[in-house]
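Participant: The residues making up each chain are set out below.
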Amino acid sequence: MTTPLLEVEDLNVWFELPSGGELHAVRGISFELEAGERFGLVGESGCGKTTAMLSIMGLLPPNATVAGEVRLDGENILARGEETVSPHRWNDIAMVFQGAMNAFNPVKTVGSQIEEPMELHGIAEGRIARRQAEELLERVGIPKDRADRFPHEFSGGMRQRAAIAMALACEPRILLADEPTTALDVMVQAQILELLVSLAADFNLALLLVTHDLPIVAQVCDRAAVMYAGEVAESASIDALFHTPKHPYTRLLFAATPDLRAGGERVASIPGAPPRLDKPIVGCPFQPRCDRAFAPCPTETPLLKTVGERHVAACHLNDHVREPATA
Amino acid sequence: MNGSHSLLEVEDLVARYPVGRGVVGAVTRQPKLEVRAVDGVSFSLDRGEMLALVGESGCGKTSTAQSVLRLIETSGGSIRFDGQEISGLSTKELRPLRRRMQIVYQDPYESLDPRFRVGATIEEPLEVHKVGSRQERREAVKAALELAGLTPAELYIDRYPHELSGGQRQRVAIAATLVLGPELLVADEPVSMLDVSVRAGILSILDELRDKGLAVLMITHDLSTAAHYADRIAVMYLGRIVEEGPTREVIENPQHPYTRALLSVVPKRDPRERGTPQILRGETPNSIHIPPWCRFQPRCPMAIADCKTVDPELRRPAASTHPEHRAACIRV
Amino acid sequence: MSASIQGGAAAATEGVDVSASRRPRSIRQIALREPTAIAGLAIIAFFVLVALLEPILVTGDPKAKVGPIFEPPSATYPLGLDGGGANMVDLLMAGARVSLLVGFCAALVSAFIGGTVGLLAGFYGGKVDVTLMRMTDYVIVIPDIPLMIVAAALFGRSLTNIIIIIGIIYWTTTARLIRAQVLSVRERVYVKRARALGAGNGRLIFKHILPQVAPLLVANTVLLVAYAIFAETFITFLGLGDPSVISWGRLIENAFNDDAILNDAWWAIIPPGLCVTLVVLGATLFGQSLEDALNPRLRVGHLSVRRFKVRPLRGKLDAE
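Residue numbers (our numbering), protein chains in the order written: chain A, 10 to 336; chain B, -1 to 330; chain C, 22 to 341.
Just so you know, the hints here were simulated from the structure itself, not pulled from any lab data.
Careful: at least some of the hints might be erroneous.
With the Cβ distance kept under 7 Å, some of the chain C side facing chain B (calculated, not the full set) [as the list claims (entries may be wrong)]: (1) Pro56; (2) Arg207; (3) Arg209; (4) Tyr211; (5) Leu218; (6) Gly219; (7) Ala220; (8) His229; (9) Pro232.
For lysine-lysine, the following PhoX-like pairs were computed, each having C-alpha atoms within a straight-line distance of at most 20 Å [unchecked claim]: (10) B:Lys90 <-> C:Lys213; (11) A:Lys153 <-> A:Lys117; (12) C:Lys86 <-> B:Lys128; (13) B:Lys90 <-> B:Lys128; (14) C:Lys213 <-> C:Lys228.
Glycine residues also receive a C-beta, built at the ideal position from the N, C-alpha and C atoms.
Extracted from the complex, chain A is given alone in its bound form:
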């Protein structure tokens, strides 16, 4: 068994609040990413998925404290914080942000912003960097003569493509994408997703897609982890998540997503709201809203258990399964 490319183990993130307390945004999550795999991190607002993703790149604000390990090729890159994680930024792990407007400096040309990481990391410079930047632009579907244009001259979809090109500038092995298509029309979204899939295949990139949009994950990813209240509720192949979910939240989340062809099937809504993360949580975090909650749920925290082939879930309904999950 080869070491997975990226292993996240027992990742925890706390934020200091101005009022003095602490917000425990990520509460001990673990997952793995193999080379060339497309993995989805799914959840609604506040579940901690974006914070978890930013932790992998070490892009947390000064009021954050992190614990746990993020292992790249077996080496924990969070061992000494900024010092150990920054050498890997963009070289090994790169990121595409939501709403690429935020990713670009409005007063510099798009081409120069793709060349910049190349020069900073000593990969290429001058004319060579320029040529590589143009090739990248072509690869993402932007004519290379646009390299001298400014970000505001690009449409939303083009800017997102350019942001992807910028992320690939240093030939990373892992691409993190934070809601890459949320602000885009459905047709442009399809184009961008198709691009990401083909790039992942061509460059043998591992893709970590962070989103609240379940159908996108269903169409693009092989495996996914569903997060709730800072924890992993369930993680499995995307097929298993839809057809044989082992956590009520996963099942209800799918049921709450309308589908074109589902006809008369009632769209579910989940009453209540996620628990506050600035206080300790007793028992299962989803219990107050769960339609299958029973005796142990309010008081005992469910452990993440292996319930199938590479399929883990944290729910007391699986308590009959003997062994706890191995990380």
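Assemble the complex: chain A is given as a structure, and chains B and C must be docked to it using the hints.
Facilitator: Same frame as chain A, but now just chains B and C:
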């Protein structure tokens, strides 16, 4: 109240915005440019019916909805509300009509004045239209809160918006429209900024109100939501309706090539239904330079030479299975 | 019907939004939390108190001669006597009354004019906006001191005139500030929604826009107080002040006219100047901290060079 007309009848509606030419353009006397946001839209809406206007950004769906409520100026066409032509009415003349047609906006975090308590927000329409006594207004506010699913009403009346979740705020916004007892409700992307688990709760309110006789015009880019809740769907592209009809018919038997492409790229929940998405190249062009022929022709996978000679009208496609199904394409 | 009851129960258990960052801060909250605001407010409060208590603290006419000219500070007269033999402390307290009065009143006049111009220009836009802004530009261009000199010469040197003159010079910044704020508030969804339900312009302005703009106007008015007090001091020092009242500017003017410097009488010049400086400082500190707190874009915390912290894994090893 005459019985023979629909509550809302829109015909050949046009709304255009001028766009700057820049200094060079002005000096060289280039023709003044206009964005043709709504470029000849016709539809009708009955009481107890939900019509979804769907399309991508720039298609004109929001502009159409705002034009219908006379919130933006129109440049042509007719809008008849309950038989009365309202496209030429002044602000003063429109005032009494505002009681009967209301709008719910997309952003629940911005829709409510942060300095108004929930009760004050919902009471405001009653104050504006000088309806009811103090006591009657309080009763109406409570009733509206309960219709919007915020019960017990006493728990919410004195809260400030920042104390409520997104879903609750949207319910308050809906309650503020219901308090006057409107006949037409325009919902502009009512749930797109809310978490998935909360959406059905909000949409089911609109669903029930529709069952009770409210006419709902829903604007959305989410075809799946439209497919689930709307009675009829109208697909818009560059300021025109390119296909319309009963929901089941449009979703299961789409005829216009744009509708077909759009439906094919909507991601499905079931990973086993990945299908073959028909991804169109390029993006929707801007609505400034619209050719006099079929506006979808440049991106259409089915375009032929004749498509550049005529601007197709909405008519019943040959393969349709419902008499009210229309598509604007010469090839179907 | 059952669905809405179920929805009701659902909504009732929906949690409340705990993001404190969205809660609008009231002026009182800012004033009592920010150190600079507290400091500024304390200074102003001190002088206001002195001004209010002056009738009690000072018996008789503060200008009365009680000793020799320019007598140095002593136990009885902690700040000595001025060029007319009057008690400096009494004079300062009387001066506080006038300077602060002129300062506050002129600031209010400015705030009223500027606020109205800004509100109307921002709300109505179009020709109204263009006309009002052009007018504002003309007023900005006029040099303030020469205008004040000319106006004082033309209209007489009463206190009321001074207040009006200062008031009509300094409203332009307020106008621009308020106009910008109104332009942005006008586009907010809740204003559009109110308009969509039939609210008239009056309601939109007074119930929705003005309350949102008011805190900034208050903060700006506090800053205007600083300007106004300084302007009054300056005008009076030039000899254009109301001859029948004592203000700090008058005290400085008198000191110069009576050759205080030649007599080494620092106590006749420095204290009034210091008072003006302190009040201007206090108003600036308070007003500035209010504006900063009300304008979130001025925060630069994200530019910090501090990094996130790493905590060693605990629990997992301990449990074994």
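Participant: Next step is simple, just say for each hint if it's right about the structure.
Facilitator: Hints, one by one, checked against the model:
1. Pro56: With a minimum Cβ separation of about 26 Å from chain B (threshold 7 Å), the hint on Pro56 (chain C) is violated.
2. Arg207: 13 Å, violated
3. Arg209: At 6 Å from the nearest chain B Cβ, Arg209 (chain C) passes the 7 Å test, so the hint holds.
4. Tyr211: At about 4 Å, which falls below the 7 Å cut-off, the nearest Cβ of chain B leaves the hint on Tyr211 (chain C) intact, so it holds.
5. Leu218: 5 Å, holds
6. Gly219: 4 Å, holds
7. Ala220: 5 Å, holds
8. His229: 6 Å, holds
9. Pro232: 5 Å, holds
10. B:Lys90 <-> C:Lys213: Answer holds: Lys90 (chain B) to Lys213 (chain C) is near 17 Å, not above 20 Å.
11. A:Lys153 <-> A:Lys117: 16 Å, holds
12. C:Lys86 <-> B:Lys128: 68 Å, violated
13. B:Lys90 <-> B:Lys128: 15 Å, holds
14. C:Lys213 <-> C:Lys228: 13 Å, holds
The structure fails hints 1, 2, 12 (numbered hints given earlier, in ascending order).
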